Amino acid sequence: MMAAHASSHWTEDLPPLKGRLEANVPLARYSWFRTGGPAELFFEPADQDDLCALLGTLPADVRLTVLGVGSNILIRDGGVDGLVIRMGKAMGQIARDGDCLMVGAGASDFAVAHAARDYGLSGLEFLRGVPGSIGGAVRMNAGAYGVEMADILVDACIMDRFGHIRTVACADLDFSYRHSGLSDRDVVVSARLRGVPGERERIEARMAEISKAREDAQPLRSRTGGSTFKNPPGMKAWELIDRAGCRGMTLGGAQISEKHTNFLINTGTASSGDLEDLGDMVRQCVADQCGVTLDWEIRRIGKRAGGAR
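Numbering (my numbering), first residue to last: 624 to 932.
These are calculated hints, taken from the structure and not from any lab test.
One should not assume that every hint holds.
Calculated pairs, DSS-like style, for lysine-lysine (alpha carbon to alpha carbon, straight line, at most 25 Å) [unchecked claim]: (1) LYS859 <-> LYS926; (2) LYS882 <-> LYS853; (3) LYS882 <-> LYS859; (4) LYS641 <-> LYS712; (5) LYS853 <-> LYS835; (6) LYS926 <-> LYS835; (7) LYS859 <-> LYS835.
Here are the computed distance ranges between Cβ atoms for each label pair [as the list claims (entries may be wrong)]: (8) ALA792 <-> GLN716: 14 to 24 Å; (9) PRO638 <-> ALA831: 46 to 56 Å; (10) ARG923 <-> VAL777: 22 to 32 Å; (11) ALA828 <-> THR680: 28 to 38 Å; (12) TRP919 <-> THR680: 24 to 34 Å; (13) LYS926 <-> GLY769: 34 to 44 Å; (14) TRP633 <-> GLY769: 18 to 28 Å; (15) ARG923 <-> ASP672: 41 to 51 Å; (16) ALA683 <-> GLU645: 17 to 27 Å.
On a predicted model such as this, the values are computed, not experimentally measured, just so you know.
Just so it is clear, CB atoms sit at the ideal spot from N, CA and C, and this is done for glycine as well.
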């Protein structure tokens, strides 16, 4: 359990910061679901030095949570204790380095795909179909359309919760399906991504194919968080959910998408509790009907409305 009222003690001795540091900040606006409670403390660093300065003073008993663009995340209604760091646009620079892109963790996957196209680098088109930011993509080995981060990552700059920085090669990140060896105490600061010189027109055409495929298959215009559950080995989560009879299932303001059953939707009035409980109902149905246990792909953070984690 973290020390009570983290905002009232150690922050008084912080060095000057350029970024935004505030207490009791509502987090729903930073989640694609548009649900969730407040952050006890919220920080948007202006640059890497800013982040290092803050983490260098962070007591060991203060919980640390990192957010990107808020796609594959469910922020619980009771809020998030400790310090929430949001890697925003200031941490999202993109620059070319030969056949690689140097990318800040706050850069959206969409922006990186388009930058690679503009630089005439192929191999990164799949990022057009991955919701989220590069920091999260590295942490969870995000992927789509047969390609994942492990296929294009050269190395990543990682900062620990005390502000120490190290560069970690792709081979040392222990990547597997939607998993890396990074801990909750690690903050992805930037990544170096490898491309292959290609024709811009072909890169653009592939990105257009990916965009159309997503538009045709997924509920992109709804309040959702991306794929809800990981695909079990050799199976598709959406097929199991459909077979279990969960298409269109509702709970409060939460719904299983009629269009793609591996998507949870906030129809407008859902709480995070509605969404999480509906997801757990689906997991139980799939276990009962198909004998398969689905693992959450969406990251759930914070406390439930009653205070439980």
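GLY769 and LYS926 - C-beta distance against the hinted 34 to 44 Å
Given range 34 to 44 Å: holds, Cβ gap about 38 Å.
Quick one, are LYS641 and LYS712 close enough, alpha carbons at most 25 Å?
With a Cα-Cα distance of about 14 Å, the restraint between LYS641 and LYS712 holds, given a limit of 25 Å.
Hey, LYS853 versus LYS835, does the alpha-carbon distance stay inside 25 Å?
22 Å, holds
Whether the CB-CB distance between ARG923 and VAL777 falls inside 22 to 32 Å
31 Å, holds
Range hint compliance [Cβ, ALA792 to GLN716, 14 to 24 Å]
21 Å Cβ-Cβ, so the 14 to 24 Å window holds.
Evaluate the given range 28 to 38 Å for the C-beta pair formed by ALA828 and THR680.
Violated, at about 49 Å.
Could you see if the CB distance from TRP633 to GLY769 stays within 18 to 28 Å?
46 Å, violated
Holds or violated: are the alpha carbons of LYS882 and LYS859 at most 25 Å from each other?
15 Å, holds
Given the hint of 41 to 51 Å, is the C-beta distance from ARG923 to ASP672 inside that range or not?
Violated - the Cβ-Cβ distance for ARG923 and ASP672, about 32 Å, lies outside 41 to 51 Å.
Run the distance test for LYS859 versus LYS926: straight-line Cα separation, threshold 25 Å.
30 Å, violated
Tell me if the straight-line CA distance from LYS882 to LYS853 falls inside 25 Å.
Distance ~18 Å between LYS882 and LYS853 Cα, so the pair holds.
If I claimed the Cβ atoms of PRO638 and ALA831 lie 46 to 56 Å apart, would that claim hold in this structure?
With Cβ atoms ~47 Å apart, the hint holds.
In summary, the numbered hints that this structure violates are 1, 6, 11, 14 and 15.
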